[in-house]
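Chains as they are written, first to last, in the working numbering: chain A, 1014 to 1526; chain B, 1014 to 1526.
Read the hints as simulated data drawn from the structure, not as lab findings. Hints may be right or wrong, so weigh each one.
[What the hints assert, rightly or not] Here are the simulated DSS-like pairs of lysine-lysine, each with C-alpha atoms no more than 27 Å apart in a straight line:
hint, chain 1, residue 1, chain 2, residue 2
1, A, Lys1234, A, Lys1194
2, B, Lys1212, A, Lys1440
3, A, Lys1473, A, Lys1440
4, B, Lys1212, B, Lys1234
5, A, Lys1473, B, Lys1440
6, A, Lys1194, A, Lys1208
Source: prediction; values computed, not measured.
Number of protein chains: 2
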Amino acid sequence: MNGADALIETLCDNGVTACFANPGTSEMQFVAALDREPRMRPVLCLFEGVATGAADGWGRMTGTPACTLLHLGAGYANGGANLHNARRAGTPLVNVIGDHATYHRQFDAPLNSDIAGWAAPNSLWVKSAETADEVGPLAAEAVQASFGAPGGCASLILPADSAWNEASAKGPVLSRPVRAKVSDADIQAMARRLKAAAKPVILMGGSCCGEAGVQAAGRLKAAGFRVMTDTFVARLARGAGRFAPDRMLYFGEMAMEDLKGVDLMVLVETVEPAAFFAYPSRPSLLVPEGCEAVSLGDKSIDGPAALVALADALGASEAAPVEPLDLPAAPTGGLDPYKIGAAIARHMPDNAIISDDAVTAGLPIFQSTRNARPHDWLMLTGGAIGQGIPLAVGAAVACPDRKVLSLNGDGAAMYTVQGLWTIAREKLDVTTVVFANHVYRILGIEMGRTGAANPGPAAKRLLDLGDPRIDWVSLVGGLGVEAVRCATAEEFDTAMAHAMTTPGPHFIEAVLG
Amino acid sequence: MNGADALIETLCDNGVTACFANPGTSEMQFVAALDREPRMRPVLCLFEGVATGAADGWGRMTGTPACTLLHLGAGYANGGANLHNARRAGTPLVNVIGDHATYHRQFDAPLNSDIAGWAAPNSLWVKSAETADEVGPLAAEAVQASFGAPGGCASLILPADSAWNEASAKGPVLSRPVRAKVSDADIQAMARRLKAAAKPVILMGGSCCGEAGVQAAGRLKAAGFRVMTDTFVARLARGAGRFAPDRMLYFGEMAMEDLKGVDLMVLVETVEPAAFFAYPSRPSLLVPEGCEAVSLGDKSIDGPAALVALADALGASEAAPVEPLDLPAAPTGGLDPYKIGAAIARHMPDNAIISDDAVTAGLPIFQSTRNARPHDWLMLTGGAIGQGIPLAVGAAVACPDRKVLSLNGDGAAMYTVQGLWTIAREKLDVTTVVFANHVYRILGIEMGRTGAANPGPAAKRLLDLGDPRIDWVSLVGGLGVEAVRCATAEEFDTAMAHAMTTPGPHFIEAVLG
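Let's have the full structure, built from the sequences with the hints guiding it.
Structural data, given as structure tokens:
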């Protein structure tokens, strides 16, 4: 058993059974060892941003880490933006970052860099296995560390000689950390405050947005308390048969209007809400004047259990208001995001997974699918676009029996378009939609809000994607995924109906501009 | 004048006149200010790795920094791998990294991250302009810092409020640092050592590989001294009418064989050579036993001047051996890298610029173009593939009168394929070639060398790009660049002849597998 064997066996023993990889020379021992450990599923990604986003998608769907395999510091950097999103999502994830042999570092060969320095801002845990014998124990430690709480990235640096040298043993199986329970006294105190408030709101994030938390939130709503989620959460259980909490609005002034008169904000697995960006003369902190914000616990607690306890303490009934199944009629005429949302709502099957990197098209589709069949909605947690396709890769590998729908702005999709090749290669049941408005639409909106003048010719040129127009059908076909272009609601509805009933990769270019 | 105006005017005053950008909301003031400063050329890139590689290409060709415009820490990360290559190339480059407004950071909004932490490993200089008044002076300081010596990345963090607030003045024009001269005494001493050595070699890197350094190297060769370059240098002046120094071989054992018996290695703007990677039982340090390695100066010196002084001290003649123009016959039959090299040698015009990210196809083409018309060869300095297309973008923007040829392995090209859209948009005179062997060929070679067993099915799956095969003509056509596929030497020669005589973007898929 060499160090690479010890690593992969230890990872598998600890439940890490998918590896999203873009290896180089220093990772060849790991690659070779994959042939000796059938429990680990290797998935090749043609760019590291796909690998890290896929690992995030896997982690969000399974609650356990996948690993990435990255080529030294530069490979890590390529995956960094989606690791930022994963950090914000609280997703457990283990990065295996290859490095030069320990004795080779001193020569500062071209690929040498400060790997630990690169990894630090986005990692809960960074260690380097300086000998083959350290590999197994550190691998187990990395998996355990990735659970947090809250979850996040653990980055294990693997020098080439630690991989190829003989290892005396693999690492142990370590227990998964248990999330903290909120004390009964704190629950009771919070229940009293909620009852005493004139206009309270409960704001939840993190793991509260899964099925159990949403159900408890419904009970709180039935007891008369408004429950909201953060604007962007890692995973939201929603659709027919589930309670639909409100969602904190994206633009600060709208959020403040929505929260007018609120005198108590109870935070569960989240913090005081803030605007996504700052703008001159607009609020940053989205807590109304005179409103008290109090936390029941941050992302390290068991939020769903806290919500259940709070509902019990408030004497909330077990029956919560849930959304009825209410599928819209077939949309007709010119295509827009609401009609796209209607078509999606009509056709997506039970337990679909939505990977949302749709930017300006996202909210209309989110609203349109409120009464669709039950599904999970995965959001852009860290604001780094280019998450939508990679996340879908990982979700589909994790959940082969569920339909995955990846929704992407055209600007966002271009970031990690390489992921479509992996979808084709692995024959994943992913339907990718790109909203081709041929512009960074959100920036046209944001520009005025930041106090910048109306864009002149030079500025417009930095927001425009229409010269030349990307031919998505051609581009995506080149990556091995069959693609269709839809310019009307009828075409889109037909394409969606086909994609949702036919397993395997599909791609739809939705022409919006 | 707001902070963004102060920034752009100061950059232009200090010679920074190209901005490779992928902006977001926090950069909108910079974008708006571009309309007020016509000296700055903005170039939109659809992924930050394209922007940073393009800035590297600009810097290598002009010797002055371009700037990037990046969206917070995640945007920086996306550009990180090509910044690693730029650092290794010693290219002056200024990153402008947008950030949240200073007062907004405390709320830790989704895109918040440790920007300075991300930037540190790859930057000579990192500062944040915490007020609008600091922007201009820091911009001037950043430009100056980017020159080194040696050059590298200066990273200026620009909080949104420092951009939108009123600034009292722009920054100064700062002088460009002058590189250190090697003392006459050191030159004379080195000349004596060279004369006393039985089998000396002079190894040069950095700025020595430009026209002046290569010419001086030719004089040293004429005086009887072997001159070599590092395996990978930022920019090498070569072709007909120029001296052709030897190149340090990539594989360590071959390099050691090549250096057998060398008793003195004189280093100029480089360090003791090391293998690109470590392998079990193979040498890391590529200095033969008993050979003394002595440095005339690192990358901070004026290497070309030192070489001229050394040639003078050795009494070398002014006339140096130069390569004759010797163009090969038209290649015929099945396509391989040597025939591709022949076709390129035949057709590339005077002063072409080659951006080489061709991996296993690179060396045969390099060898085949030794006697082609004079040209500059830009190499993969940091080993992070995905440099070839972006670097060509920047070189073409910098040198609109020169033909740029971008050579890419298919695996490498997929990293930053988005750059082809920018080539189309800016109508750059770039011919991009992708070598479609549908495999990470280099890894197949490296795998055995690292002591890993022959790849089994799982390992093979991580080296293979052929399932599905990427249809490059379709993919690249989707990005707006006309593309042709060539499966024979005749087809390739015809396509190259056309591309080299017709301005504007061209793309050739060279079928190699």
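Fill in: Pair hint Lys1473(A) and Lys1440(B), alpha-carbon separation not exceeding 27 Å
It holds: about 18 Å lies between the C-alpha atoms, which stays within 27 Å.
Discussion item. Run the distance test for Lys1212(B) versus Lys1234(B): straight-line Cα separation, threshold 27 Å.
Written reply: It holds: about 13 Å lies between the C-alpha atoms, which stays within 27 Å.
Practice prompt. For the pair supplied as a hint, Lys1473(A) and Lys1440(A), confirm whether the alpha-carbon distance does not exceed 27 Å.
Written response: violated, 39 Å
Worksheet item: Is the hinted pair Lys1212(B) and Lys1440(A) satisfied, with a Cα-Cα distance of at most 27 Å?
Response: Distance of about 59 Å is beyond 27 Å: violated.
Discussion item. Tell me if the straight-line CA distance from Lys1194(A) to Lys1208(A) falls inside 27 Å.
Written reply: Holds. Lys1194(A) to Lys1208(A) sits at ~22 Å (cutoff 27 Å).
Item to complete: Mind checking the alpha carbons of Lys1234(A) and Lys1194(A) for me, to see if they're no more than 27 Å apart?
Response: The hint holds at about 22 Å.
Violated hints for the displayed structure, listed by number in ascending order: 2 and 3.
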